[in-house]
Each structure stands twice: as C-alpha cells, then as structure tokens.
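**Q** Single-letter residue listing:
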Amino acid sequence: MAQAAAHHSHDHDHGHHDPQELKMLGFWIFLVTDVILFSTLFATFVVLRNNTAGGPGGAELFNMTGVIIETFLLLTSSFTSGLAVLAMNKGSMKGLINWLIVTAILGLGFIGFEVYEFVEIVHEGANFGTSAFLSAFFTLVGTHGLHVSLGLVWMIGLMFQLKKRGLTPETKGKVSALSLYWHFLDAVWIFLLTVVYLMGVM
Amino acid sequence: MAQHQSGAGSHGHDDSHGSVKSYVIGFILSIVLTIIPLGVVMNHMLSRTSTMVVILAAAVLQFLVQLFFFMHIRESNGPRWNVMTLIFGIVILLTVVGGSVWIMEYNMVAH
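Taken in sequence, the protein lines are chains A and B. Quick note: the first sequence, position 138, residue 138 per the numbering used here, numbers continuous. So the mapping is simple: the numbering used here equals the position in the second sequence, first residue as 1, plus 202.
Derived by calculation from the structure, the hints in this document are not laboratory data. Keep in mind that the hints are not guaranteed to be accurate.
Unchecked claim - On the chain A side, residues computed to face chain B include the following (Cβ under 10 Å):
hint: 1; residue: Leu31
hint: 2; residue: Gly82
hint: 3; residue: Val85
hint: 4; residue: Tyr116
What the hints assert, rightly or not - Partial list, computed: chain A residues near chain B (C-beta under 7 Å):
hint: 5; residue: Leu22
hint: 6; residue: Trp28
hint: 7; residue: Val32
hint: 8; residue: Ile36
hint: 9; residue: Leu37
hint: 10; residue: Leu41
hint: 11; residue: Phe42
hint: 12; residue: Ala59
hint: 13; residue: Asn63
hint: 14; residue: Thr65
hint: 15; residue: Val67
hint: 16; residue: Ile69
hint: 17; residue: Phe79
hint: 18; residue: Thr139
Computed from a predicted structure; not experimentally measured. Cβ atoms here follow ideal geometry from the backbone N, Cα and C, with glycine treated the same way.
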C-alpha cells in the first residue's frame with residue numbers, strides 16, 4: 001500500500017490508480033452524455049406522438065414481426081459481445097474474434113431489418129416530413145440505428161487491429177469499451193421498443 | 203489491499219469481469235422480460251393502464267438486468283464514479299422527459 005501511494009501521489013481519489021480504469025470511466029461518462037442525448041429525443045417523441053397531422057399513426061405503420069426480430073437480434077448480439085469479452089479475459093484470441101464476428105453479423109441483421117422497416121414505412125407514403133410524429137419517430141429510431149452502425153464500423157476496425165497487434169492492454173481496453181457500448185445500445189433499444197413500438201400499437 | 207494490485211497490469215478487474223453463468227442468467231432474464239411485455243401488448247391481455255405499468259416495469263427491470271449482469275456496474279474498485287455519473291444522467295433524463303410530458307400534456311392552455 002505504501003508503495004502504491006508513493007507511485008501515485010495524487011492528493012485525491014485513490015480508487016482510480018489504473019489508467020485503463022480511468023479510460024473506462026471516461027468512456028462511461030460519454031455513455032451518460034448519450035443517455036442525455038436520447039432523453040431529449042425521447043421527450044420530443046413522447047410529446048409529439050399523437051400529432052399525426054391526419055397521416056398514419058404507429059398502429060397502422062409498425063410491422064411488429066420485424067420489430068420483434070430486431071429486438072431478439074440485438075439482445076442476442078449484446079450477449080455474444082459479452083462472451084467475446086469473456087473469451088478475451090481467458091486469453092483466447094480465436095474465441096474473441098469469433099464472438100465479435102457473430103456479434104457483428106447479428107448487428108448487421110438488426111440494421112438490415114431496420115432499414116427495410118424504414119423503406120417500407122416511406123413506401124406507404126409516410127416520410128420524415130409527413131407529420132411531427134413521423135419526424136420525431138425517424139429522428140429517435142434513426143439516431144439509435146446510426147449508433148449501431150457506427151458501433152459496427154468500430155467493431156470491424158477493431159477486429160483488424162486485433163489481428164495486427166494481438167492482445168495488448170490497449171486493444172483489450174478497446175474491446176471492453178466496445179462491449180460496454182454495445183450493451184448500452186441494447187439498453188436504449190429496450191426503451192425504444194417499449195415507448196415507440198409497444199405503446200404505439202397499444 | 204494487495205489483492206487490488208494483482209490485476210492492475212492489464213485491466214484492473216479481469217478476474218471479476220463476470221462469468222459465462224452471469225451472462226447466461228442475464229440473457230435468459232432479458233428474454234423473459236422481453237416476452238412478457240410483447241405478450242401482454244400483442245394479445246391485449248390487460249387494460250390500458252395496467253399494460254402501461256407492466257411494460258414500463260419490464261423495461262426498467264430489463265435495464266437493471268443489463269446493468270448488473272452485462273455491464274457489471276458493481277465491479278469497480280474504489281469510489282463508484284460510474285454509478286454516480288449514471289445517477290446524474292438518470293436525474294437529467296427523468297427531468298427532461300418528465301418535465302416535457304408534464305408541461306405539454308397537462309398544462310396546455312390552448313390546445
């Protein structure tokens with residue numbers, strides 16, 4: 001303990017002496033700011049959800065089969081991204097890469113279904129400008145979809161970096177942050193499913 | 203205290219970062235907490251108010267399951283700054299969402 005105190009002579013907070021742990025806290029704070037971003041979009045959606053301007057509402061537009069498939073794809077991918085971290089902690093590069101590939105494929109499936117859903121809704125004549133409800137809907141669900149897409153780009157880039165550099169403290173930290181991000185996106189989706197889709201078709 | 207230093211070289215909480223068992227339990231609980239609201243809404247099993255209560259409760263419970271079983275919120279050494287920032291974020295979330303709904307739905311003079 002005396003040695004540790006000498007090494008880290010910060011006059012405050014002995015909890016975060018590990019730089020990697022500090023990075024994870026920084027990433028966590030980013031996620032909390034993302035919570036705030038989504039809170040504004042959720043508030044906008046909830047306020048405008050009945051302002052359909054004579055256009056179609058959620059009950060007519062939503063294809064619940066697709067939404068249920070999206071939900072289970074994302075939930076399973078959140079689970080497999082956790083398994084990837086477990087494989088990494090065991091030192092298994094092969095397990096890590098394989099679970100990341102499974103996670104990425106499930107994530108791509110999610111995005112595929114979401115894009116299909118959006119295209120279908122627009123084809124029914126309900127686009128971004130049709131009503132306040134649809135503007136809020138596309139902004140809220142689209143922002144989540146954009147997060148998932150960016151997460152996929154990050155995941156694929158990280159797989160190349162893992163192949164190149166192997167398991168170092170840096171790459172391990174990135175995998176942990178990515179996994180945390182992925183769990184977070186699944187948590188946001190739970191509320192999208194509940195507030196947008198389930199309450200929309202109720 | 204010596205225990206604290208052991209994993210510091212790589213990640214800090216490698217040895218405590220969950221197990222297959224905790225992920226499987228979290229996954230199963232999440233599936234159950236997804237199927238309950240889907241079943242209630244798709245089969246019109248309850249009245250409107252009860253449905254709202256059930257699906258919101260299931261969402262909050264599932265969020266907690268993910269937080270504890272997947273995101274391992276409990277497992278950090280020292281002061282739990284992550285929990286504190288999360289509580290701060292949730293306070294802002296409830297203020298923004300609750301405040302907007304309250305103002306726009308219940309205090310509207312001219313609709």
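**Q** Taking the hints in turn, state whether each one holds.
**A** Here's how the hints hold up against the structure:
| no. | hint | in the structure |
| --- | --- | --- |
| 1 | Leu31 | holds (8 Å) |
| 2 | Gly82 | holds (5 Å) |
| 3 | Val85 | holds (7 Å) |
| 4 | Tyr116 | violated (20 Å) |
| 5 | Leu22 | violated (10 Å) |
| 6 | Trp28 | holds (5 Å) |
| 7 | Val32 | holds (4 Å) |
| 8 | Ile36 | holds (5 Å) |
| 9 | Leu37 | violated (10 Å) |
| 10 | Leu41 | violated (10 Å) |
| 11 | Phe42 | holds (6 Å) |
| 12 | Ala59 | violated (11 Å) |
| 13 | Asn63 | violated (13 Å) |
| 14 | Thr65 | violated (10 Å) |
| 15 | Val67 | violated (9 Å) |
| 16 | Ile69 | violated (12 Å) |
| 17 | Phe79 | holds (4 Å) |
| 18 | Thr139 | violated (15 Å) |
The structure is inconsistent with the numbered hints 4, 5, 9, 10, 12, 13, 14, 15, 16 and 18, although it conforms to all the rest.
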